[in-house]
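S.K.: The listed protein sequences derive, respectively, from chains A and B.
First residue of the first sequence: 109, per my numbering; consecutive thereafter.
First residue of the second sequence: 3, per my numbering; consecutive thereafter.
In case anyone wonders, no lab produced these hints; they're calculated from the structure.
In this text the structure is predicted, and so the values were computed from the model without any measurement.
One thing to keep in mind: the hints can contain errors.
Unchecked claim - Okay, the calculated beta carbon distance ranges per label pair: (1) A:Ala249 x B:Asp138: 31 to 39 Å; (2) B:Asp440 x A:Tyr172: 43 to 51 Å; (3) B:Asp138 x A:Glu156: 22 to 30 Å; (4) A:Arg135 x B:Pro313: 46 to 54 Å; (5) B:Glu365 x A:Leu210: 27 to 35 Å; (6) B:Ser404 x A:Phe262: 40 to 48 Å; (7) A:Trp199 x B:Ser404: 35 to 43 Å; (8) B:Ala48 x A:Trp199: 30 to 38 Å.
Said to hold, decoys possible - Far from chain A, by Cβ distances over 10 Å, these chain B residues were calculated: (9) Asp37; (10) Ile39; (11) Arg145; (12) Asp162; (13) Gln260; (14) Pro309; (15) Gly317; (16) Val324; (17) Thr332; (18) Trp403; (19) Lys407; (20) Pro441; (21) Leu443; (22) Arg473; (23) Gly501; (24) Ala558.
Just so it is clear, CB atoms sit at the ideal spot from N, CA and C, and this is done for glycine as well.
Chain residues, written in single-letter form:
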Amino acid sequence: MGYVLKRFVQMLFVLWAVATILFFMFRTMPGTPLAAFIDSTITEEQQEALIAQFGLDKSLGEQYLLFLWNLLQGDLGQSFFFKKPVVEVVWEVFPNSVILTLTSLIVAYLFGIVAGAYLAWKRGSWVEGMGIPLVLTTRAAPEFWLGMVLLAFFSFYLGWFPSGGANSSGAEWPSEWQRVTSADFLSHLALPAITLAIYLQGLPLLLMRSNMLNVLQEEFITMARMKGLSTWSIVMSHAARNALLPVATAFALGIGGAVGGNVVVETVFSWPGVGRLLVNAVAASDYPLAQGAFLMITFVLVVMNFIADISYHLLDPRVRVAASG
Amino acid sequence: MSLNSIASVRSVVATGLVATTLTTSATSLWADAGDPIRSLTLISRAQAANPQQFQAAELIAQAWRELGLDVTVQGLPRPQQSDAVWYNRDTWDLTMWQMVGRPERSDPDEFVYNLFHSSTAPKGYNFVGYVNPEYDKIAEEQRLITDKEERKVLIDAAQDIIDRDQVYAFLVHPLKTYALDKTVWDASSMVEQPGLGIKNFWTFVNAAPVGDQTDMVLNSSDELNAINPFYISGATDSWITELIWDRMMRIGPDGLPQPWAAETVQWSDDGLSVTLTLREGMMWHDGTPVTTEDVVFSFTAPVDFAPMYKPFVDGIEEINVVDDKTVVMTLTTGNAAFETSTLSKINLAPKHIWEPLLAGLGEGENAESVLEETRIGSGPFKFNRWVTQQEVVLDANADHWSAPKMDRWILRVVLNVEAALGMLRSSEVNFMSDYTGDPDLLIEAAEADGDLEVIDSVDIGFQYVAFNLRRPPFDDANFRRALSAAINRELIRKAAWNGYAVNANSHVSPALVFWHKDGIAEGLETGMDLAKSILDEAGYEVVDGRLHYPAGQTEAFVE
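Next up, chain B with everything else stripped away, as it sits in the complex:
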């Protein structure tokens, strides 16, 4: 503590000196400097909702003030933040943002394409407005190349461009922390999936009970929205849908798609058609067999009835049934991510149940509004019941080829983090699948308890600062580089995330071992001096303690 305070006193003295010298030297150049840079607002989630992000925002604002910027942090609830950033793309300057991990994000395509391709800039996920034809070309090409090694070269190049341009100032990949009760579950039967941790499909089918308790009781800190194979609703809802409904392929524990309901997946040489052979003896939960007709139905129904799944089947030109076990899908163009983003994503739904339901829909309605008695899948778990705001109960499907070892899977909605921790200790919850509190508290609780095991792993998702590239000075890559360099990521990692994170500088997480570019985070040069020298070289000047545009440049915005 004392060492720290000495260091901070020193740095204050040092910056004071630097500021003084800059000011004196700048006075003579006064006539040459451009407009002063306007006051900036850094938007963040509100402190109560996301303390880590808010604290990081405060630390970043502090660093940027040292550069001569006037920065205020504004905490907003999520809907207001989305409104300010997502739906009013021309008016914001800076915002904290995060991407979260999901199984289908185990392929880099979703982030590489959607986050930075210019086509998603007007309304899609490229909300920062990054337009770079060179990047677009790479993002498009990597989709068409099915050879992994060749594609890796392009994914690396994409990471390099984003690193060079510092489109985002990446901060960290947080660690996902989960815990289980060792007196209930055999810890060695947990399966760790890179980027997702032990809370994943494979753990749920594999978890072995050690005693009489054969129900897995999990927790969610979010309310549930819907359980529907044609509706992508909340994040927690997706844990449930992937257990009830099978998919042709599944993202394996290694992060790569592997055959699932399809016993074999055979690509043609041109990569434009894929032959899928359905597994023998598959049954729906109501006892009727799964047929190739069901497969065709599941991949065609989204076109008209499931707007959220439609983009994932858009690339399919036609599906032909060859015999009672085989279908052939023909694609309009090659798509390297097809196995991940389509075959591992589309839920197989029974035609005999869904077709009449869809036929009975009124105008303006779609599959999302179909409810209740429709939760028949073929997956390793059967839907039992959903008690609103309280719990979802699934029963193990003993007839499944990959039958779970547990009897029931019970997800409890627990809004209060402390209560969730208390429940874990009192065995009311025996698998903590959602923990938003301080990881240290969880580890302390585990040590005090003795029966608990805490397992954490690096997230596919990441935390970052987004610049609005539509608005100067953020259209200048040098300016962005300087701002990014001024951020002390080590401090943020330790102070805001309590050390439960790794530094980030890429949209492809180190959790995706194969795709992540090694050393890209360590390679990012940072430091306050570096930041100042980048600004200096680019012509930005500090006049009376306030950062100004390079000579001749005026502030185009009137606040």
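Only chain A is shown next, with the shape it has when bound in the complex:
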């Protein structure tokens, strides 16, 4: 229990440190939130009013304390440009981001795990000779390029999929659930999800393959062969189960990353998401939105890490021994 408490205190410290860094990072960046309001009709008095409205006329120290105080109360502040609470702005596009990233993560990991195990089993064959360079190529291809190629072929040329957005123009659904399960939404989801999945599959595939190669050399595999078990049974029941643990960890962290959205894919496919929101917030020096959104992402990542750590601690006796020793 002492270990859990220790990790919990560490987690709080990390959150405070990130919040502080974010606060000062955005304020030392060149640019000012007024830049988005530059207009030939703006007057000096209006500029001062805006500064006061944003609370930027207070000293940096004062602003920082106010920020921490609000944060403790769960208040991330109000976006300078949307004039809405940060949480509300982020929440509006949050489901789209999570659905896109989760779908592609699941596709990528399912494919990666099976293909990785297969390539490990086929070690030294021509299948591996062809497979590995192909995986490396797709992993190295820039997302925007891949996205544009898929868009040009499947959407512009074949016309199978729509070219952008998360829904057809003007379409309406009675509930959010019906929207995200509609054929319309899924057809919009297909291309961005495939693009992202192709980009993501390399990691689980290569990880799975190298773990498998290690496991296949272990004595219990030799033992299984000696027992005369079938190839399929050895790969799936004995080797793969043992090789899976690190891949599962990578998946858990990938989920954490899902909240951050994917700027590139979201931009290419005009997909509503947290990534686009962040880029705009940073470009327009919308401090509350930028730091609030980054903080939310940090929070999810840190919590996912915490859970992963604790579950390791519970699942794997070796970790437990190391921690207490």
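Starting from the structure of chain A, add chain B where the hints point.
M.R.: Showing chain B alone in chain A's frame:
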């Protein structure tokens, strides 16, 4: 291509010769020359964000190097550029900048006054720091004269002074390019507004569908910020606000204000009061009638609650309700641009909805932070919904006196230019209202497709190089004239803007046919030889290939 390269070889040889002769002759004058001019940085938007502007900057820097200046182009993202130029007015030297077109800029006042009047030099739009009492006087006077012909004389004079002083080196007025799907919209029902093209209010109320598709699907390459009658947020947001909320007057297809919610607009002889008669039977979208109380509210609320609209109602001394259809506004001084900058700009908002909302505001809050359920206007379109980062849907208001012929107006946010083009071809978008790509690609796509029509027109806005007049040598009009003369605008127009622009030399666009001074762009004499002779006459000298100040002048800045 081969002819071009021969020409460029020749010019290199020629400049080599000139440089040599200048150097030799200058050696004997060595003792007389002033300090060498410091290395200069020409700021531009980053190449990826604005390739045309960046390429123009490169070409300009190249030309100025021929004059013996050491110029580097620095591409910056917009916030950083604004920070360097707008908020640190004493430290920059040169920057590329642009002004964009808007309906209310159809009157020359906004540019004529705000860009160059000395009162806006410390913090406003006169960021170059131009201070000229002669110009100030003209800029102030043209506001007071309501006779169009008399005012035109002053607007011409203002253009002449800026031309003479070359406060900016104007480059081009880009062409605005839009496209529509002819199988969906009757191309003849599009309305072209000078300086704005076919993407304007009049097209949206007038566009006639030819088939079953009665929704207009448009695109925007920018994210939307807010839809609020008291908040001037992003440029794209304003397309929406002007459809939902009516105004007393509107800028017509001819660029001039015309009565709208006001049936008549009657000025007193001294130009200090205006009587407005409200149109019969106007209704808010929630079914309640529009009253003169609403009009008074809409013009007074900005004083305390809408800081961005406040300057436009500041000139109103008082508003009196005469009867249930008539109001009289009294102005503190005459204002020629009042119809354009106030009557055509202030959104009419319902008092019964907004008054309680404003009363409930906390300290430091204003109308800009009021959200959602408040989007009730009286305009030809009703707000339906806004899906963040994706689309805004407006429904036609069939009860409006100028009811649109379409059913819905749907604006899609499409960040990727290529995707927008693909959508136009696949009919996912049927009116391309925002195109930032290469116009040639759009025209090629239209030719390949057959269903598309591309329409372009000259922008009210313009692209230019701004000099920081606070810093020598840019305080010297001769120096600015020389730098401007060295710019090959024809080359820039063709190479950077692919020919989709017209040359500029005035802050009043040729799109404003009445106000623009004819021939002012053609009248600008340019050329490398001319540039060199202006510098020579003003006493600048080239020593060892580097341009120096006239004798006795020292470099006042330490970089």
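S.K.: With reference to the structure, classify each hint as holding or not holding.
M.R.: For each hint, the structure was consulted:
Taking 31 to 39 Å as the suggested C-beta distance range, the pair Ala249 (chain A) and Asp138 (chain B) does not conform, at roughly 59 Å. The beta-carbon spacing between Asp440 (chain B) and Tyr172 (chain A), approximately 47 Å, falls within the hinted interval of 43 to 51 Å. Between Asp138 (chain B) and Glu156 (chain A) the C-beta distance comes to about 23 Å, which sits within the given range of 22 to 30 Å. For Arg135 (chain A) and Pro313 (chain B), the hinted distance range of 46 to 54 Å is not satisfied, since their beta carbons lie about 29 Å from each other.
Distance hint check for Glu365 (chain B) and Leu210 (chain A): the Cβ-Cβ separation is about 42 Å, which falls outside the suggested range of 27 to 35 Å. At about 42 Å, the CB distance of Ser404 (chain B) to Phe262 (chain A) agrees with the hint of 40 to 48 Å. Checked against the hint of 35 to 43 Å, the C-beta distance between Trp199 (chain A) and Ser404 (chain B) comes to roughly 38 Å, which is consistent with it. At roughly 32 Å, the beta carbons of Ala48 (chain B) and Trp199 (chain A) sit within the given window of 30 to 38 Å.
Consistency note on Asp37 (chain B): stated as away from chain A, and its beta-carbon is indeed over 10 Å from all of that chain's, at 30 Å minimum. For Ile39 (chain B), the condition that its CB be more than 10 Å from all CB atoms of chain A holds, with the nearest at approximately 26 Å. Listed as a non-interface residue, Arg145 (chain B) keeps its Cβ farther than 10 Å from every Cβ of chain A; the least gap is roughly 14 Å. The claim that Asp162 (chain B) lies off the interface holds: its Cβ sits roughly 21 Å from the closest Cβ of chain A, which is beyond the 10 Å cut-off.
Every C-beta of chain A lies more than 10 Å from that of Gln260 (chain B), the closest at about 22 Å, which supports listing it as non-interface. A cut-off of 10 Å between C-beta atoms contradicts the statement that Pro309 (chain B) is not in contact with chain A; the least separation is 5 Å. Distance check on Gly317 (chain B): its Cβ is at least 13 Å (rounded) from any Cβ of chain A, clearing the 10 Å threshold; non-interface status holds. The non-interface label for Val324 (chain B) is consistent with chain A: the shortest C-beta to C-beta separation is roughly 30 Å, beyond 10 Å.
The Cβ of Thr332 (chain B) lies farther than 10 Å from every Cβ of chain A, with a closest approach of about 23 Å, so its non-interface assignment holds. The non-interface label for Trp403 (chain B) is consistent with chain A: the shortest C-beta to C-beta separation is roughly 25 Å, beyond 10 Å. Listed as a non-interface residue, Lys407 (chain B) keeps its Cβ farther than 10 Å from every Cβ of chain A; the least gap is roughly 17 Å. Residue-level check passed: Pro441 (chain B) sits 19 Å from the nearest beta carbon of chain A, beyond 10 Å.
Here Leu443 (chain B) stays apart from chain A, with its beta-carbon at least about 13 Å from theirs, past the 10 Å limit. Chain A leaves Arg473 (chain B) outside its interface by the beta-carbon criterion, the shortest separation being 20 Å against a cut-off of 10 Å. No Cβ of chain A comes within 10 Å of the Cβ of Gly501 (chain B); the nearest lies about 26 Å off, and the non-interface call holds. The Cβ of Ala558 (chain B) sits about 25 Å from the closest Cβ of chain A, beyond the 10 Å cut-off, so the non-interface label holds.
In this structure, the hints that do not hold are numbers 1, 4, 5 and 14, in rising order.
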